[in-house]
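**Student:** Residue numbers (the working numbering), protein chains in the order written: chain A, 1 to 112; chain B, 1 to 113.
These are computed hints drawn from the structure, not numbers from a lab.
Be aware that one or more of the hints could be misleading.
As the list claims (entries may be wrong) - Below 27 Å or equal to it, Euclidean Cα-Cα: the simulated BS3-like pairs (lysine-lysine) are:
(1) Lys53(B) x Lys99(A)
(2) Lys99(A) x Lys70(B)
(3) Lys57(B) x Lys11(B)
(4) Lys42(A) x Lys70(B)
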Amino acid sequence: GESVGLHLPTLSVQEGDNSIINCAYSNSASDYFIWYKQESGKGPQFIIDIRSNMDKRQGQRVTVLLNKTVKHLSLQIAATQPGDSAVYFCAENSAGTYKYIFGTGTRLKVLA
Amino acid sequence: DAGITQSPRHKVTETGTPVTLRCHQTENHRYMYWYRQDPGHGLRLIHYSYGVKDTDKGEVSDGYSVSRSKTEDFLLTLESATSSQTSVYFCAISDVDGTDTQYFGPGTRLTVL
Numbered sequence: 001g002e003s004v005g006l007h008l009p010t011l012s013v014q015e016g017d018n019s020i021i022n023c024a025y026s027n028s029a030s031d032y033f034i035w036y037k038q039e040s041g042k043g044p045q046f047i048i049d050i051r052s053n054m055d056k057r058q059g060q061r062v063t064v065l066l067n068k069t070v071k072h073l074s075l076q077i078a079a080t081q082p083g084d085s086a087v088y089f090c091a092e093n094s095a096g097t098y099k100y101i102f103g104t105g106t107r108l109k110v111l112a
Numbered sequence: 001d002a003g004i005t006q007s008p009r010h011k012v013t014e015t016g017t018p019v020t021l022r023c024h025q026t027e028n029h030r031y032m033y034w035y036r037q038d039p040g041h042g043l044r045l046i047h048y049s050y051g052v053k054d055t056d057k058g059e060v061s062d063g064y065s066v067s068r069s070k071t072e073d074f075l076l077t078l079e080s081a082t083s084s085q086t087s088v089y090f091c092a093i094s095d096v097d098g099t100d101t102q103y104f105g106p107g108t109r110l111t112v113l
């Protein structure tokens, strides 16, 4: 079964709609953030990252927004596809440390 | 995918037995990490390595040891497996340091009976 959690918050979206997944991070000193995607039975896969000197970064169909004032990170997925179904979680890191703090994740379900 | 393999991919063992998990990378990255993933928790760091023979403890290191004799290999040993160590174990690598992106292996599902 799924290893990342039995009671994760779930976001259900219709195929083709946009998805927004949120993350509240914990350390105000964190200056580097990553979004990962994890499919069932697989390892986390890097999606996009952002450093604290930016508030927005875009990739292919994905955008990450960073609001340092309220310690909030979001991942926007445009035109969500069935292959986007997975657990998404954020990670934060502070400069000079090897320690990442990982969120528990949100399960994204794409409805056909 | 980053060139990271983990072996075995699945293992069932009994309480009290030693278990070694292997992580192998072909990226020549300096930093390697072992995490465990459990329901209700984010990934938790067990041990990490910042070079050959250079390792340090993470937040959940009790009952685990590691070794890194070559850049490409990082071994995680459960000295005497307990049921609380039933988990999915992930290896990760990064190139520069802790502020660089970490890439993960496919994981090892370990069950301790």
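**Student:** Run every hint past the structure and note whether it holds.
**Tutor:** Checked hints:
1. Lys53(B) x Lys99(A): Distance ~19 Å between Lys53(B) and Lys99(A) Cα, so the pair holds.
2. Lys99(A) x Lys70(B): The hint holds at about 23 Å.
3. Lys57(B) x Lys11(B): 24 Å, holds
4. Lys42(A) x Lys70(B): Roughly 26 Å between the alpha carbons, so the hint for Lys42(A) and Lys70(B) holds.
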